[in-house]
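S.K.: As a plain string of letters, each chain reads:
There are 2 protein chains.
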Amino acid sequence: MTATAVDLHPPTTRSAATRERALPDSAATPVTVAHGDGIGPEIMEATLRVLSAAGARLAPEPIDVGARMYAAGHTSGIADDAWDSLRRTRVLLKAPISTPAGGGYKSLNVTIRKTLGLHANVRPCASYAPFVPTRHPGMDVVIVRENEEDLYAGIEHRQTDEVYQCLKLITRPGCERIVRHAFEYARSHGRRKVTCMVKDNIMKMTDGLFYAVFEEIGAEYPDIERERYIVDIGAARLATRPEQFDVIVTPNLYGDILSDIAAELAGSVGLAGSANVGEHVAMFEAIHGSAPDLAGKGVANPSGLLLSAVMMLVHLRQGRVAERIHNAWLRTLEDGIHTADVKGPHTRRTVGTEYFARAVIERLGESPRTLRPVTYRDVAPRRPTSGAGNYQRRPAARKAMVGVDVFVHEAHASPELLAERLRRLRPPGLSLQMITNRGVKVWPNGLPETFCTDHWRCRFVTAQADGTIGHDSIIELLARLAHADVDVIKTETLCTFDGERGYALGQGQ
Amino acid sequence: MTATAVDLHPPTTRSAATRERALPDSAATPVTVAHGDGIGPEIMEATLRVLSAAGARLAPEPIDVGARMYAAGHTSGIADDAWDSLRRTRVLLKAPISTPAGGGYKSLNVTIRKTLGLHANVRPCASYAPFVPTRHPGMDVVIVRENEEDLYAGIEHRQTDEVYQCLKLITRPGCERIVRHAFEYARSHGRRKVTCMVKDNIMKMTDGLFYAVFEEIGAEYPDIERERYIVDIGAARLATRPEQFDVIVTPNLYGDILSDIAAELAGSVGLAGSANVGEHVAMFEAIHGSAPDLAGKGVANPSGLLLSAVMMLVHLRQGRVAERIHNAWLRTLEDGIHTADVKGPHTRRTVGTEYFARAVIERLGESPRTLRPVTYRDVAPRRPTSGAGNYQRRPAARKAMVGVDVFVHEAHASPELLAERLRRLRPPGLSLQMITNRGVKVWPNGLPETFCTDHWRCRFVTAQADGTIGHDSIIELLARLAHADVDVIKTETLCTFDGERGYALGQGQ
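Chains as they are written, first to last, in our numbering: chain A, 1048 to 1556; chain B, 1048 to 1556.
In isolation and in its complexed conformation, chain A is listed as follows (with noise of 0.2 Å):
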């Protein structure tokens, strides 16, 4: 594509100029506004322009982020001030910035999303048939991804020479919160299926925990449809047949490879919009990049921010304004006017950004022919992320300690010796009950086949049947392993609650 066969500044018509309407102050709800780097403030412009002509009620803060906040010594890429307008705006509208590659600095997104906790990362992807070239022409899903936890809590230890650690954490307010988004976002925007993604075949507590909530949860929705996939086949199921699906939830990690799955085979990383939710913060952002190579050319397409913020208007309860921006852009898809990254048989004009913009402006009341409209009520969906509000804490369970799993770093051991070591050392009332080796069991029973690193799990129980222990009890054992120069680098408790077994058994157990 050359520039000169971009139509970058479309002729102002009569027929767009009575449409744009004066923002009616009185009514505004404050929103902070971040133009980002890059094709950003362009992009930023298109999209704000699109929302006042559409008669959104909103008054817009800007805030710098980004690349200048980098320069100017903000390791996170954002200032106090502009923390300060997030708080009392609580919804952010954010163009896509760019993190100076190098040490020292830190992801402004995953800062924003730890620190306010977003956690709820919310994808559409659609793809627009025959509109824009897709594989998958029928495909309408929405990927709701938990945001704050899983593997990416990033807790990481070296424990060994030979071993590195990573904790995944699963918790219960963590699911029952995410879960409860999907089924109310399904709920308040038409849709009927909601597919569960985990790995519960393996991870049996942490995914189990996830699914089980899940059903829980699901069940308090007898108007949604409940499904559930283990996440290796669900993800070839997605990247296949990408149709049969509708609002997918999951944990944070199947879930951020399973969106950019959904992204990628719509054909339109360029037209889809995000939402990450909180419960005092919501912030909207596009999924691309800041694409510097396009900066300040005039040709960005828009389309992934503006439908962002018609995901802020739905949030902020101004559904029409939402619908009529939405059905406005469908029709301008359908119409041919596109912008290069989307060219197709279909481009009846290939535009720019501005031109772009003022194409759906002009259509605002306008609905497409072909593909299907959208509607959106003024009402928000009832707030399912006000985790305080919404997350009842349970009564604790009954929990007793029945054991401890001491983790030692120890080159140089047979599983038999090092067993016949920690027996001889282990205080009264605790028995070794078995030894691991990268979950794999070699003591009692092992197989010689088995490699062995440098890191062994060691199970000490209660020695008497349905007994307990204290914690004195594992004191006194990691004091003898001390006075023994074993060196321990970890340890995690052995419990029950309700009488339920809280660990896993050992591989071979």
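If a hint is listed, it holds; no wrong ones were tucked in.
If several chains are the same, the list does not tell them apart, and a pair holds so long as it fits within one copy or across any two.
List time: in silico BS3-like cross-link candidates among lysine-lysine, alpha-carbon distance up to 30 Å:
id: 1; residue 1: K1153; residue 2: K1344
id: 2; residue 1: K1446; residue 2: K1153
id: 3; residue 1: K1446; residue 2: K1251
Calculated directly from the structure, the hints in this document are not laboratory data.
Given the structure of chain A, go ahead and fit chain B onto it with the hints provided.
M.R.: Chain B alone, transformed into the frame defined by chain A:
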């Protein structure tokens, strides 16, 4: 498709008869063979017939695994004498089996893999356009997946009322062996590129180790191009442009997802074989299941198992025989002789299991004309997988303990109050550095927006700059906490290795 449309019983042609050769018993390699359940016996019989006709020098030892063994009370679906055969032959060709539904049964595959240390899963996924319908002509990717560690070590603990944990373990020997396997595979199979897929922008230590080892070992193979993808983008790219990839090496969980995506994309789950290779034993099997609904009808596609057998022959240094079979099989596809599962516009005759095997036998010695013929040499790849032989444990690093993360179960704490309490309780020599909740720093200088579970990670570090601590300090800390009824659920020591920090900082630290 109706049964009558399938040619089940081929006429015996002279050509096929003359091409079958007697098995040369003198040089035969013993291999253990499991006929499995469902369609297993049919496709195994067809596969063995082709192997024999092609002159494979094999002495099959049948063992009984699967449904009958489960029914006989073997919870892992395998009896002791079968283990004996496996240990003797060190090679297993396995048809699919059925694991009974319901509790108490263990997956035979997981048992074999873990027990015998089959650390490398190798899964080639190719499309055979235009002869087999696929959206991705030109796809020919091999996924080399680490098979023993990562989250699949199965170490899970419920730690509090609200929080469950699974350990992700990544080890240097695990990384070295799988990465070397991938590069050796690439070199011996004439492949040009190995792509590493990890999430090391988030998991800097665990996935960071995997990637570091990839670079380290990959440098020994200057003839092979190295490439790296973050797994979310990599999975999306694989799902949309699989023909860009050659060999992919990746940890266990990602590999599980990526290999299912690749198999499904190729449009040929019924055509894909796989190898599970360890230091002592290797297992070869189709990737599909036992399809009980098709059992006994003579219509199943034996190709997945046949291509697994081809991989086995290469492993056994019978590359020329493997080549004869693989090329004859490609020619059969080209000739439009297809089982019903791959029926498409290029199908000239839809045939059953036996007929298909016979068609392959008839074409032994022929090569495909459109598809690319394969070449295997009679020399097996240098045994990259002999862990003991290949993995050289390095000298131990200088390890120094500088602190400890103590995890506390506490439902009613505020970060400030908890910190105050812990600071009062800490022994001399240790200071409280921070508290995080699900990885987010909540003390000092936490934010009121951060949602907190009942699971607190409290980091204590040596009170002197550059100081170290001993196990006695940790034990004293634990004793003081126990005395004050602080419910410690786990500990992780903080160490440096050769002066380098062996633990991640808290988010916001």
